[in-house]
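**Q** Chain by chain, the residues:
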Amino acid sequence: MKREEIITNVTSIIRSVLKNNELTIVDNQDLTELENWDSLTQVTIIAQIEKQFSIRFKLLELNRLKIFSEMISIIESKLQ
Amino acid sequence: MIEYYVRNAVDSDARFIAEAIMQAEKSGTERNGLTGMLGMTEEELIPTMEEMLLSGVDGCEFSLSSFLVAESNNIPIGVCGGWLEGDNEGNNSSSFLKTNIMNYYLPQSSLDYMSSKAKVLNGLTFDRKKGTYIIEYVYTTPEYRGMGIVNALLEKHENKAIGRTNEMYIQVCKINVSAIKAYSKFGFREYLSLTTSSVEAKHILPDVSKLVMKKIIER
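Residue numbers (our numbering), protein chains in the order written: chain A, 1 to 80; chain B, 1 to 219.
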């Protein structure tokens, strides 16, 4: 899967869970600073990403999912 | 008076700390807020909590490295968690780290259950400020209460905080009058009063209201 495709899918999941269809996410976005991001939305977003891409994050990977571009890179590496 | 000393937690304390967290979550009532939110029993959650504490992640209330243990005659008799918010690899918030630990170790059914109960916590959330010292999960075994153990644990945490911050925070259920008294005696003062608007909360949480208390570290 191409990086652009991963970005599109992840953005769609985040928009849906945070209930903001207009949300624009830049590469260096700290996801935890997005409006409505909290523990519960974090749990839901991670679960949906794991389901969508059929992957399972390791604990140390989860702790690196704060910055959007890094999240995309980790997903990309898990799909190779 | 008994003899005891306070030390950093080690791996073999994980079970005692997991059990202490269960007791602390009840705030002297029969309702455990954590198991209630996860739809689990204490018997189910304690072994998982032990694993979570041993995850090796630092910087939150489920990090073994956050805990101090009071020990007497080689037996743990009290615990207290505390950390400098955001002072960890990656400078992550404790909320982010705690959620990741839960995400990794808890069954999906419990995470789904927690999401379905999200409204219970409406109004009870306190955003921890980066660079402040956070205290969580203070517990002493019943037979050792009234012997100054909580004070000794808090004092050791305060010593860790000195020179790094001048603000310490602790959250406590309003019904836990004895804890509020102990924290006040140590120098904590009411900072914020929080109440949930959820009707269901009184069936799940030990209390629908809590206090955030703050201590200014003056030394």
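Mixed in with the good hints, there may be bad ones.
Cross-link-like lysine to aspartate or glutamate pairs, in silico, DMTMM-like; alpha carbons within 25 Å at most [what the hints assert, rightly or not]:
hint: 1; chain 1: B; residue 1: K174; chain 2: B; residue 2: E42
hint: 2; chain 1: A; residue 1: K66; chain 2: B; residue 2: E89
hint: 3; chain 1: B; residue 1: K214; chain 2: B; residue 2: E143
hint: 4; chain 1: A; residue 1: K66; chain 2: B; residue 2: E42
hint: 5; chain 1: A; residue 1: K58; chain 2: B; residue 2: E167
It should be emphasised that the hints constitute simulated quantities derived from the structure, not laboratory data.
**Q** So, for every hint listed, does it hold in this structure?
**A** Verification of the supplied hints:
1. For the hint linking K174/B to E42/B, the alpha-carbon distance of about 23 Å falls within 25 Å, and the restraint holds.
2. For the suggested pair K66/A and E89/B, the alpha carbons sit about 13 Å apart, so the restraint of at most 25 Å is met.
3. Our distance criterion of 25 Å between C-alpha atoms is broken by K214/B and E143/B, whose separation comes to about 28 Å.
4. Of the pairs offered as hints, the one joining K66/A and E42/B is violated, with about 31 Å between alpha carbons and a cut-off of 25 Å exceeded.
5. Distance hint between K58/A and E167/B is unfulfilled; the C-alpha atoms sit about 34 Å from each other, more than 25 Å.
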